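Trainee: Residue numbers (our numbering), protein chains in the order written: chain A, 1 to 487; chain B, 1 to 487.
Worth double-checking, as some hints may not be accurate.
[Claimed, not checked] As a list, the in silico DSS-like pairs of lysine-lysine whose alpha-carbon atoms are at most 27 Å apart:
| no. | chain 1 | residue 1 | chain 2 | residue 2 |
| --- | --- | --- | --- | --- |
| 1 | A | K169 | B | K218 |
| 2 | A | K443 | A | K218 |
| 3 | A | K270 | B | K270 |
Calculated directly from the structure, the hints in this document are not laboratory data.
Since this is a predicted model, take the numbers as computed values, not measurements.
Take a look at the letters that make up each chain.
There are 2 protein chains.
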Amino acid sequence: MTEQQQLSMCWCRYVSKAATKTQMEFDYDGPSMKTSVPGPRSQELTKQLGDIQNVGAVNFFCNYEESRGNYLVDVDGNRMLDLYTQISSIPIGYNHPALLKLMTNPHNLSTFVNRPALGILPPENFPDKISESLLSVAPSGMSRVQTMACGSCSNENAFKSMFIWYRNKERGQTAPSDQDLSTCMVNQAPGCPDLSILSFMGSFHGRTMGCLATTHSKVIHKLDIPSFDWPIAPFPRLQYPLEEFTRENAQEESRCLEEVEDLIVKWRQKGKPVAGIVVEPIQAEGGDNHASPDFFRSLRNIARKHGSAFHVDEVQTGGGTTGKFWAHEHWGMDDPADIVSFSKKLLTGGYFQRDELQPDKPYRIFNTWMGDPSKNLFLAEVLNVIHRENLLEEVTRSGKALLKGLYELQGQYPNILSRARGQGTFCAVDICDDETRNSIMLKARDKGVILGGCGDRSIRFRPALVFKEYHVHIFLNIFSDVLAQLK
Amino acid sequence: MTEQQQLSMCWCRYVSKAATKTQMEFDYDGPSMKTSVPGPRSQELTKQLGDIQNVGAVNFFCNYEESRGNYLVDVDGNRMLDLYTQISSIPIGYNHPALLKLMTNPHNLSTFVNRPALGILPPENFPDKISESLLSVAPSGMSRVQTMACGSCSNENAFKSMFIWYRNKERGQTAPSDQDLSTCMVNQAPGCPDLSILSFMGSFHGRTMGCLATTHSKVIHKLDIPSFDWPIAPFPRLQYPLEEFTRENAQEESRCLEEVEDLIVKWRQKGKPVAGIVVEPIQAEGGDNHASPDFFRSLRNIARKHGSAFHVDEVQTGGGTTGKFWAHEHWGMDDPADIVSFSKKLLTGGYFQRDELQPDKPYRIFNTWMGDPSKNLFLAEVLNVIHRENLLEEVTRSGKALLKGLYELQGQYPNILSRARGQGTFCAVDICDDETRNSIMLKARDKGVILGGCGDRSIRFRPALVFKEYHVHIFLNIFSDVLAQLK
Numbered sequence: 001m002t003e004q005q006q007l008s009m010c011w012c013r014y015v016s017k018a019a020t021k022t023q024m025e026f027d028y029d030g031p032s033m034k035t036s037v038p039g040p041r042s043q044e045l046t047k048q049l050g051d052i053q054n055v056g057a058v059n060f061f062c063n064y065e066e067s068r069g070n071y072l073v074d075v076d077g078n079r080m081l082d083l084y085t086q087i088s089s090i091p092i093g094y095n096h097p098a099l100l101k102l103m104t105n106p107h108n109l110s111t112f113v114n115r116p117a118l119g120i121l122p123p124e125n126f127p128d129k130i131s132e133s134l135l136s137v138a139p140s141g142m143s144r145v146q147t148m149a150c151g152s153c154s155n156e157n158a159f160k161s162m163f164i165w166y167r168n169k170e171r172g173q174t175a176p177s178d179q180d181l182s183t184c185m186v187n188q189a190p191g192c193p194d195l196s197i198l199s200f201m202g203s204f205h206g207r208t209m210g211c212l213a214t215t216h217s218k219v220i221h222k223l224d225i226p227s228f229d230w231p232i233a234p235f236p237r238l239q240y241p242l243e244e245f246t247r248e249n250a251q252e253e254s255r256c257l258e259e260v261e262d263l264i265v266k267w268r269q270k271g272k273p274v275a276g277i278v279v280e281p282i283q284a285e286g287g288d289n290h291a292s293p294d295f296f297r298s299l300r301n302i303a304r305k306h307g308s309a310f311h312v313d314e315v316q317t318g319g320g321t322t323g324k325f326w327a328h329e330h331w332g333m334d335d336p337a338d339i340v341s342f343s344k345k346l347l348t349g350g351y352f353q354r355d356e357l358q359p360d361k362p363y364r365i366f367n368t369w370m371g372d373p374s375k376n377l378f379l380a381e382v383l384n385v386i387h388r389e390n391l392l393e394e395v396t397r398s399g400k401a402l403l404k405g406l407y408e409l410q411g412q413y414p415n416i417l418s419r420a421r422g423q424g425t426f427c428a429v430d431i432c433d434d435e436t437r438n439s440i441m442l443k444a445r446d447k448g449v450i451l452g453g454c455g456d457r458s459i460r461f462r463p464a465l466v467f468k469e470y471h472v473h474i475f476l477n478i479f480s481d482v483l484a485q486l487k
Numbered sequence: 001m002t003e004q005q006q007l008s009m010c011w012c013r014y015v016s017k018a019a020t021k022t023q024m025e026f027d028y029d030g031p032s033m034k035t036s037v038p039g040p041r042s043q044e045l046t047k048q049l050g051d052i053q054n055v056g057a058v059n060f061f062c063n064y065e066e067s068r069g070n071y072l073v074d075v076d077g078n079r080m081l082d083l084y085t086q087i088s089s090i091p092i093g094y095n096h097p098a099l100l101k102l103m104t105n106p107h108n109l110s111t112f113v114n115r116p117a118l119g120i121l122p123p124e125n126f127p128d129k130i131s132e133s134l135l136s137v138a139p140s141g142m143s144r145v146q147t148m149a150c151g152s153c154s155n156e157n158a159f160k161s162m163f164i165w166y167r168n169k170e171r172g173q174t175a176p177s178d179q180d181l182s183t184c185m186v187n188q189a190p191g192c193p194d195l196s197i198l199s200f201m202g203s204f205h206g207r208t209m210g211c212l213a214t215t216h217s218k219v220i221h222k223l224d225i226p227s228f229d230w231p232i233a234p235f236p237r238l239q240y241p242l243e244e245f246t247r248e249n250a251q252e253e254s255r256c257l258e259e260v261e262d263l264i265v266k267w268r269q270k271g272k273p274v275a276g277i278v279v280e281p282i283q284a285e286g287g288d289n290h291a292s293p294d295f296f297r298s299l300r301n302i303a304r305k306h307g308s309a310f311h312v313d314e315v316q317t318g319g320g321t322t323g324k325f326w327a328h329e330h331w332g333m334d335d336p337a338d339i340v341s342f343s344k345k346l347l348t349g350g351y352f353q354r355d356e357l358q359p360d361k362p363y364r365i366f367n368t369w370m371g372d373p374s375k376n377l378f379l380a381e382v383l384n385v386i387h388r389e390n391l392l393e394e395v396t397r398s399g400k401a402l403l404k405g406l407y408e409l410q411g412q413y414p415n416i417l418s419r420a421r422g423q424g425t426f427c428a429v430d431i432c433d434d435e436t437r438n439s440i441m442l443k444a445r446d447k448g449v450i451l452g453g454c455g456d457r458s459i460r461f462r463p464a465l466v467f468k469e470y471h472v473h474i475f476l477n478i479f480s481d482v483l484a485q486l487k
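If we strip away everything but chain A, and leave its shape as in the complex, we get (with noise of 0.2 Å):
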């Protein structure tokens, strides 16, 4: 069969609507390929930064001043469709005119130049750009909030906060003995107590040596590095589409579930009880998992239950991509975390928190910056944005149209494609095998489509959340030619 033939076989070809001028007026209308990916511009580039570091991970070089909305400009004028936004972390598109706006006006200027050491001398709008940025958000029974720098130091900051809370609630109103204060000091117990946290099979945390111990998605992250002994568990492996296996995977969840609390046990028993629960609302970079919300509830009770914390990780699922702000609104509960983690989309990392883990005393969750202010001033417009366009529905109608439409190409690539599925445009689909994968998003990239995988075979769409309905088609037309031109 022709390449012709195959294209004109059976795929309905989208007619994708312009962008009206109101709303994207920043947008280019469609992606424009002058050569194959990487270019020679960015493949001289990525030899020159191969003397200073390894290059092995550099895709290619980007010209930023020049990328708009959802288009990726790089440096040899090739501009894509980006499906990937920098890790999932680019909430309104590339130089969104509200940020450069706000780059302005010279009462900013002072923020970006002098970064304060947040936790003893705040600048004078710190509490009203916090109200007015993260608080405008705060997950349900939730007022309290920690800025950090990164999604790491985030997850890092909030497993102490929960140690903390462990220990001092395992205390009651007895203040920390000699002994505690003389062993810690040299990491030994019981100031240094044998606690754990219970992570997922298939997550991650992050890549500092606390939130290593709780990610278990991909060697690469983890091999030769000290770790904790820390349970384990399954995280479900579901079928999909949900809908149509919901006894299966409500017996495979229960069986995750069941786990959970053996492994509390187990690990209560061998005197390193489990202070906290991590999980993602969907495991991301582990391959796009899915749970329901009736898994997320019993895990949340089972927290209760055994007396840890629960920490639900939206680092990657929270700023609006799954359709809510944050993911764990889908589970429908009034108190449905402990702590909620955040970063990526946000700008700034942090977490927040119920009044009770907020630790007792000053410095014992510090460091020198404790995030960036000009972060939270960028954050509070993307919010203003977000609310002003209707974002999060739009994202519920661009997710809709794109899962359609996968769900459209793997009935008609079923050797190909499988398992589509996501919430919000926070969507994936599996490839028949890793290399095919990879092959699949090469030559998407050179058609002009940026994508990124997770899990061993899965390729994860992470758009912004100016991704529209007609962009969804730019890319379905584009991922059907390359999917017609497979051998």
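Please arrange chain B on chain A, whose structure you already have, making use of the hints.
Mentor: Then chain B, alone, in the frame of chain A:
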């Protein structure tokens, strides 16, 4: 004795030269106090922030827009000479015109607005910016640098690099075994090996869990957080002035070095080999503890002899504050370290490394942001200013004046002050007890001077690099008044 008598007793007041217009046109000409600190507006804001965070460590709220040069202005209109500079992290003073100018260049805007995932999609100017900023100050023997978001992430990833390097060395040409690969996913040896980092009592290397296992300065940092069983050596407790106690100090340093070797052997026997040694050139948080160039040269040799990497943590000492750009330059070695980490005054975190320490594969040292190019932009300009204004020479000159003044005051108040010490303006003095120390710091603040504490009862001086001799005099006059008024 009356206050007046005390004041007139024997202290010759410095006459401060006025700032010359060209050098410091953006500086104020002295402190100006309107209220005691924290004033009413700061107290109000602290109460407001208290509903959101633990505010036990908040000193006061700042008006960063009005702050200039060496002067920090608070929200009650108090203007204070700043010798602490946001925990030693403001390199060239507040609102330096060169940095403000950089913000008004429209070509720089997109660097602030579009934060890239540097490890995969670097901006076009990234290799150039790294070359003109960080590589232009690379420590001897190092041409490779990795940026990170903060000091803790820098040290965490430096540790990881040392572990990876050590295991690669152990394996030789052999690839990781299947057992390595399967065990690392569940946090067990040999995939997650029982390796250790040797650190020193009194050291501070950060607060994430890997770093925290090497931090031993204050109980409040470590209590209740699980840790690793890693070896901790004594750091020399020297007598000051160093030149008067050469023999005694050499003995003390020998004792500590012997203990280092004993610990390396002991931990190898325990099956937890020392992959790396981490040390600060001057222990800062732990109380400004110095050691001689001989000590560090021997330590570097011990590391080499035992096959451990040698990691010099310059997070607080780096950036010019000791009169050389890196404190380790005072050791006079061509090959001072395998890894040198930085943050604070460098505005971006990160570390330099020798070629052998760079991980063999991509994604082993990785995270979403891998630093922040907007900080590199500022850093390049800071380095220009340091060069143009000969700030390292200024630091040496100011540092001498500061130390001389401290020696004089120490002679005058032997019951209050002792152990004055320092290199460049990186100075400290001990106070008779913790309570008096804190009282002195508060009194100095009410008179318009911001100081920081460290260790049990030290005051540390951490002014910006634009702190001139006449600023030293302003400080000494006020400090002398405070001491005179102490009961």
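Trainee: Hint by hint, work out which the structure violates, then give me just those numbers in ascending order.
Mentor: No numbers; nothing is violated.
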